[in-house]
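Protein chains: 2
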Amino acid sequence: MNKVVYNFSAGPSVLPKQATREAADAIINYAGTGIGILEMSHRSKPIESMVAETDSLLRELMQIPDNYDIVFLGGGASLQFCMVPMNILDSSASADYTDTGVWASKALKEAKQFGTVNVVSSSKQDVYSHIPKTFEQTPGATYLHITSNNTIYGTQWKKFPKANTYLVADMSSDILSRKFDISDFGLIYAGAQKNMSCAGVTVAIIRKDILGKVNRTIPTMLNYKTHIEEKSMFNTPPVFPIFVMNRTLSWLKQIGGVDAMEALNNKKSGLLYEAIDSSKLFRGPAAVEDRSAMNVTFVLNKEAVAADKVEALEKEFLASCKENGLEQLKGHRSVGGFRASIYNAMPIEGVEALVKELQAFEKKVLG
Amino acid sequence: MNKVVYNFSAGPSVLPKQATREAADAIINYAGTGIGILEMSHRSKPIESMVAETDSLLRELMQIPDNYDIVFLGGGASLQFCMVPMNILDSSASADYTDTGVWASKALKEAKQFGTVNVVSSSKQDVYSHIPKTFEQTPGATYLHITSNNTIYGTQWKKFPKANTYLVADMSSDILSRKFDISDFGLIYAGAQKNMSCAGVTVAIIRKDILGKVNRTIPTMLNYKTHIEEKSMFNTPPVFPIFVMNRTLSWLKQIGGVDAMEALNNKKSGLLYEAIDSSKLFRGPAAVEDRSAMNVTFVLNKEAVAADKVEALEKEFLASCKENGLEQLKGHRSVGGFRASIYNAMPIEGVEALVKELQAFEKKVLG
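Here the protein sequences line up with chains V and L, keeping their order. Those letters in the first sequence? Residues 0 to 366, by numbering that gives the first Met the number 0. Those letters in the second sequence? Residues 0 to 366, by numbering that gives the first Met the number 0.
Keep in mind the hints are simulated off the structure, nothing from the lab. Heads up, a few of these hints could be off.
A pair holds if it fits inside one copy or across any two, identical chains being indistinguishable in the list.
Claimed, not checked - The list that follows gives simulated cross-link-like pairs (lysine-lysine, BS3-like), each with its CA atoms no further than 30 Å apart:
| hint | residue 1 | residue 2 |
| --- | --- | --- |
| 1 | K108 | K207 |
| 2 | K207 | K308 |
| 3 | K230 | K301 |
| 4 | K158 | K111 |
| 5 | K157 | K362 |
| 6 | K252 | K230 |
| 7 | K16 | K252 |
| 8 | K355 | K308 |
| 9 | K224 | K123 |
| 10 | K212 | K266 |
| 11 | K224 | K108 |
| 12 | K212 | K108 |
| 13 | K329 | K314 |
| 14 | K329 | K44 |
| 15 | K329 | K230 |
| 16 | K44 | K355 |
| 17 | K314 | K44 |
| 18 | K44 | K16 |
| 19 | K105 | K44 |
| 20 | K111 | K207 |
| 21 | K363 | K108 |
| 22 | K105 | K207 |
| 23 | K230 | K314 |
| 24 | K212 | K105 |
| 25 | K105 | K230 |
| 26 | K212 | K111 |
| 27 | K308 | K16 |
| 28 | K224 | K111 |
My request is simple: use the sequences and hints to build the entire structure.
Encoded structure:
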């Protein structure tokens, strides 16, 4: 009994089948060495070259030029919320932060410990249902911080703002999902567990010229320079999560790279938004122009369902989805409703199955 | 052609075969969910209960009482070098550090950013070949820091010193290898990639009463309290490395726990030290009373081999080992010679094979 399961989890989330099979095999015997990858020294030649290859693959796929360094770190993107300002925001300087969701808000809260934070825009009063795109930047601010995609609310910067200096972005939930010009960015960081790998590794892509300008002592492990100089091998890096990234990037290259991926992501999210927009039972709460291609949020339409029926109907819908192999569709507790995370590795068949489910459920409820 | 390979790597290092098989299987389909463990939300019930079970297993195996919290963190033990003093050493206070190797020395260097560090003992001038056990503690020092086992030099605190206040220990390379009384310790930390799991997770075991006493703002992700309060789920933890730990601890429990492990470790290291001591070709550079049961270092005996022959002979020995499936025996570059890391998961058959190899090589060279 091998029911097909589609995993719409917001992260950790679906990975390419090919990558997970390669990961499982590598645990038993890595590259014919007779030793499993979990047990190999990070300073052994096969692992050193695997990490170097992962750097190259990411560089190639994202077209990252030589004036940027890439490091692979532990601790998650949340650790970057303090590492970023610790490394680039001087205590006498300020930075502009856009507040487009809970994660953006956590990032700016942390930065306040290191310098002056200007919150230049916020959609908090609208439960972050849209991205405020018109705002004033602060003269002299060191950088402008954005969260490129907001997993919880299903919103995304479709076009990045132009910073007076440079952009710093948390791209945890949409890195490698679409093309963009990296030269506008001073620093990009991303937890891997959505579009790149399993949990346990975070990527930081850092333009060389932005470091070394703050006047504070940075603990060795929190200093980007430490990891840049040692090619992420200052201490033992999270080898296996880096390997899963290697295999995921290799898969992405095989299927045509970021261009092909972006086209497929637009097709997948298009199908789903179309189904929601043509539905009487469901509606999408996110502003149409800011809709995320990664996290599609939807709720029961209050005009179609009596308020006292909503909770029971939500449960019924989720149970029906689960019954049909469509998993992890519950929305985040702060917004309720449903969320389909359709990251790079979600096959279009999963989205098609979800569209069918939406239509069948609507028919059942509204007739 | 499945040659048996014994992996003597100093870390990441050998894991129980049973644990690696379970890890590979879980990647394809975790606990019958139809979803692989790399792809499951950390907030899903199966993962939350797996993390809670890992806490329980560690607690049971190490007999950790309720007045200690356990957290699972990213970043490696090297990140703890700054997190420890950031959380417990006030800027107006001092701490005693023992300098028994490169890692101990890195720990104390980092602590200097946060308070006064008293280096109460050091064997640096003897290339860390022994553990200085007699030293004066500083009146009023907040804690006494030790590195319980020194991987590079093959030395180990066989009996822990008694701290005036409490001990803080980096136990990365010998945690779970032997019994000891945890009540002497305020804080124990350990990177997992030697005795507990693959690389990517670090355990910290923290006595509740030592926190909240420093007068500084600690970044959220670097504050132990954050992770304690959220049961290591403040952000996405390194799920898979925690799972590999879960399976390794379960294996350890099955084979009889830390008592049985300690007996086996003594037997394994005893066999190897006996072979070295009875050899004319090899000798052990570490002080006999401080010899590590985890990392057995040995060198060619200068009385048996002409100085100009040493390098060639070392290469020949390592090549012969490799030919016979005995891998990763090269000593650390700072001390040269050889090192056999025989952590918990190294089967006694591996040690026996190495003993045979030592004897055969000696016969070949000395006749």
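Evaluated hints:
Taking the shortest Cα distances, K108 and K207 sit within 30 Å of each other both inside one copy (26 Å) and across copies (27 Å). In this assembly of identical chains, K207 and K308 lie within 30 Å of each other by CA distance neither inside one copy nor across copies; the values are 56 Å within and 46 Å between. Taking the shortest alpha-carbon separations for K230 and K301, neither the intra-copy value of 53 Å nor the inter-copy value of 37 Å comes in at or below 30 Å. Within a single copy, K158 and K111 get their C-alpha atoms as close as 27 Å, which meets the 30 Å cut-off; across copies the closest is 45 Å, which misses it.
In this assembly of identical chains, K157 and K362 lie within 30 Å of each other by CA distance neither inside one copy nor across copies; the values are 33 Å within and 72 Å between. For the identical chains of this complex, K252 and K230 are intra-copy neighbours only, at 23 Å inside a copy versus 38 Å across copies, given an alpha-carbon limit of 30 Å. Within a single copy, K16 and K252 get their C-alpha atoms as close as 15 Å, which meets the 30 Å cut-off; across copies the closest is 33 Å, which misses it. Within a single copy, K355 and K308 get their C-alpha atoms as close as 23 Å, which meets the 30 Å cut-off; across copies the closest is 75 Å, which misses it.
In this assembly of identical chains, K224 and K123 lie within 30 Å of each other by CA distance solely across copies; the values are 27 Å between and 35 Å within a copy. Taking the shortest alpha-carbon separations for K212 and K266, neither the intra-copy value of 43 Å nor the inter-copy value of 55 Å comes in at or below 30 Å. Proximity of K224 and K108 under a CA criterion of 30 Å is satisfied in both settings, with 24 Å inside one chain copy and 17 Å between copies. Taking identical chains as interchangeable, the C-alpha atoms of K212 and K108 lie at most 30 Å apart whether they share a chain (22 Å) or sit on different chains (23 Å).
Proximity of K329 to K314 under the C-alpha cut-off of 30 Å is restricted to the intra-copy arrangement: shortest distance 9 Å within a copy versus 59 Å between copies. In the homo-oligomer, the alpha carbons of K329 and K44 lie at most 30 Å apart only across protomers (14 Å), although the nearest pairing inside one protomer, at 44 Å, exceeds that limit. Taking the shortest Cα distances, K329 and K230 sit within 30 Å of each other only across copies (23 Å), while inside one copy they are farther apart (40 Å). Taking the closest pair of Cα atoms, K44 and K355 come within 30 Å of each other only across two copies (27 Å); inside a single copy the shortest separation is 49 Å, beyond that limit.
In this assembly of identical chains, the alpha carbons of K314 and K44 lie at most 30 Å apart only when taken from different copies (17 Å versus 52 Å within one copy). In the homo-oligomer, the alpha carbons of K44 and K16 lie at most 30 Å apart both inside one protomer (27 Å) and across protomers (23 Å), since each shortest distance falls under that limit. In this assembly of identical chains, K105 and K44 lie within 30 Å of each other by CA distance solely across copies; the values are 25 Å between and 39 Å within a copy. Within a single copy, K111 and K207 get their C-alpha atoms as close as 24 Å, and across copies as close as 28 Å, so both meet the 30 Å cut-off.
Proximity of K363 and K108 under a CA criterion of 30 Å is satisfied in neither setting, with 46 Å inside one chain copy and 67 Å between copies. In this assembly of identical chains, the alpha carbons of K105 and K207 lie at most 30 Å apart whether taken from the same copy (26 Å) or from different copies (26 Å). In this assembly of identical chains, the alpha carbons of K230 and K314 lie at most 30 Å apart only when taken from different copies (28 Å versus 48 Å within one copy). In this assembly of identical chains, the alpha carbons of K212 and K105 lie at most 30 Å apart whether taken from the same copy (24 Å) or from different copies (25 Å).
Taking the shortest Cα distances, K105 and K230 sit within 30 Å of each other both inside one copy (28 Å) and across copies (19 Å). When the C-alpha separation of K212 and K111 is checked against a cutoff of 30 Å, the pair qualifies both within a copy, at 18 Å, and between copies, at 22 Å. Neither within a single protomer nor between protomers do K308 and K16 lie at most 30 Å apart by alpha-carbon distance, with minima of 39 Å and 52 Å respectively. For a Cα distance limit of 30 Å, the shortest separation of K224 from K111 qualifies both inside one copy, at 22 Å, and across copies, at 20 Å.
Comparing the model with each numbered hint stated earlier shows that hints 2, 3, 5, 10, 21, 27 do not hold.
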